[in-house]
Amino acid sequence: MIAASIVGRVASYLHAASVSTMGGWTEADLYNYLNLSLRRACREVAFQATTISISVIAGATVLSLPNARESVIDMNWNKQFLLPCTVSDLDALDDLWQVATGVEPSRYVLEQQGTKIFRIYPSPSVDGTLEVVYRARPLIEQTNATTLVINQAVDMMAELEAVALANNKGGQYAMSESADGANRLIELISTVSKAYYGGAV
Amino acid sequence: VTLATLRDRVAKRIDEDVSQANRYISDVDLNASINFALSLYSYLTLCLETTANVQVSSQTAYVNILTTIPDCIVPLRVTQGGRRLFRESIQGLSSRHNAWSGEYYIPEFYAMASADLLAVYPAPASASVGLLSLTYARFAPVLALDSDEPIIPLEAHEVLVDGAAAFIRIVKLGGQYMDDANDEIRIFLDACALRVNFVRTQSKTSRYDVSPPDLGKAVIAKLLESYK
Chain W
4 MIAASIVGRV
14 ASYLHAASVS
24 TMGGWTEADL
34 YNYLNLSLRR
44 ACREVAFQAT
54 TISISVIAGA
64 TVLSLPNARE
74 SVIDMNWNKQ
84 FLLPCTVSDL
94 DALDDLWQVA
104 TGVEPSRYVL
114 EQQGTKIFRI
124 YPSPSVDGTL
134 EVVYRARPLI
144 EQTNATTLVI
154 NQAVDMMAEL
164 EAVALANNKG
174 GQYAMSESAD
184 GANRLIELIS
194 TVSKAYYGGA
204 V
Chain S
64 VTLATLRDRV
74 AKRIDEDVSQ
84 ANRYISDVDL
94 NASINFALSL
104 YSYLTLCLET
114 TANVQVSSQT
124 AYVNILTTIP
134 DCIVPLRVTQ
144 GGRRLFRESI
154 QGLSSRHNAW
164 SGEYYIPEFY
174 AMASADLLAV
184 YPAPASASVG
194 LLSLTYARFA
204 PVLALDSDEP
214 IIPLEAHEVL
224 VDGAAAFIRI
234 VKLGGQYMDD
244 ANDEIRIFLD
254 ACALRVNFVR
264 TQSKTSRYDV
274 SPPDLGKAVI
284 AKLLESYK
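Chains W and S, in that order, give the protein sequences.
Position 177 of the first sequence, counted from 1, bears residue number 180 in my numbering, the numbering being contiguous throughout.
Position 224 of the second sequence, counted from 1, bears residue number 287 in my numbering, the numbering being contiguous throughout.
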């Protein structure tokens with residue numbers, strides 16, 4: 004995906020000769036719409052995932068996930084699979100789970116109040132490496148001209164959604180029926196994409 | 064049918080006079096609409112397939128396949144050294160072995176964590192056994208030159224005009240043109256559904272891991288209902 008190309012095309016669909024001559028929108032608006040559509044696409048469908056290694060010091064219990072993540076797919080400690088748990092699972096397992104220590108963790112739990120934080124159980128007594136596989140959420144910067152390597156269906160969805168968002172928010176320049184039409188096509192592509200890659204987890 | 068011919072046909076369909084210098088719908092818009100219809104057709108039907116190699120690094124369980132094959136929609140069949148890998152889910156791999164990503168040998172299973180991230184189990188013990196051959200469904204190449212021709216099946220070339228015209232009406236014309244878009248989308252999706260039936264049968268025969276979803280009348284009717 005080359006964001007500038009999509010933004011240029013959307014400007015044309017909005018009847019502007021270029022991004023600098025749009026009636027009801029600015030170039031920054033279009034990049035904002037593009038990011039909203041990327042976020043929606045990657046939240047609804049497993050379009051993008053990545054891995055990250057986190058070095059953990061002995062005694063650690065509370066850790067942070069990367070900002071640009073939607074959800075965790077898999078987590079392992081020194082290549083050993085960690086079982087995903089809820090707080091109630093751990094409450095049932097061990098009254099003192101929040102302060103429990105062991106050689107290696109066997110479970111993890113995402114913080115309920117904001118999934119950026121997660122805990123591992125039991126707290127390891129040795130240093131180790133956590134590998135987290137997570138659904139990613141790409142971010143396009145207006146000043147960033149690099150190409151985003153992502154499934155091309157996201158290009159189609161992003162282009163349509165940018166049109167839909169612009170037409171819903173463009174005041175006198177808006178065409179709501181265009182927005183509706185674009186949203187229905189997005190729904191079709193999203194449904195098929197979920198069949199290929201899986202949906203929200 | 065070349066891009067130039069398709070562009071003329073789409074222009075005629077939407078009553079755009081291509082002889083005018085200062086037009087409402089430019090050639091760039093028309094090309095974009097044709098390429099959109101082409102991408103959508105190949106995505107919905109999985110009608111194009113090809114094979115390429117993807118290298119998984121030694122003692123590494125995951126690889127991003129789009130960095131090697133950016134036109135990949137979905138892997139259909141994965142082999143290593145001529146032997147087929149069984150498709151699993153990430154959860155399925157975890158069920159098979161609680162330290163699956165730390166097992167190093169010759170890959171026997173693969174799983175897709177997303178559209179781009181492929182996992183293998185066991186992870187390759189060396190680079191030589193990490194070379195995978197992927198048969199995958201791919202997006203149709205973008206038509207850039209006037210002489211370029213779409214590589215999708217010939218009978219689908221004409222419905223690209225319907226898909227492209229509908230796209231232009233939706234994203235640029237709106238209003239009264241949406242009724243025409245409705246008819247054109249019906250024709251386009253009916254053609255996709257026909258191709259999907261064919262691909263699904265072929266896919267079953269080839270025992271591919273993924274088939275295109277059934278675009279039955281109910282799915283198309285639901286989409287079209289919303290345009291009324």
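The reader is advised that the hints may include incorrect statements.
[Claimed, not checked] Straight-line alpha carbon distances no greater than 20 Å define the calculated EDC-like cross-link-like pairs of lysine to aspartate or glutamate that follow:
1. W/Lys-82 to S/Asp-209
2. S/Lys-75 to S/Asp-209
3. S/Lys-75 to S/Asp-242
4. W/Lys-197 to S/Asp-242
Simulated from the structure, these hints should not be mistaken for lab results.
Note that the coordinates shown come from a computational prediction; the quantities given were computed from them, not determined experimentally.
Which numbered hints does this structure break? 1 and 4
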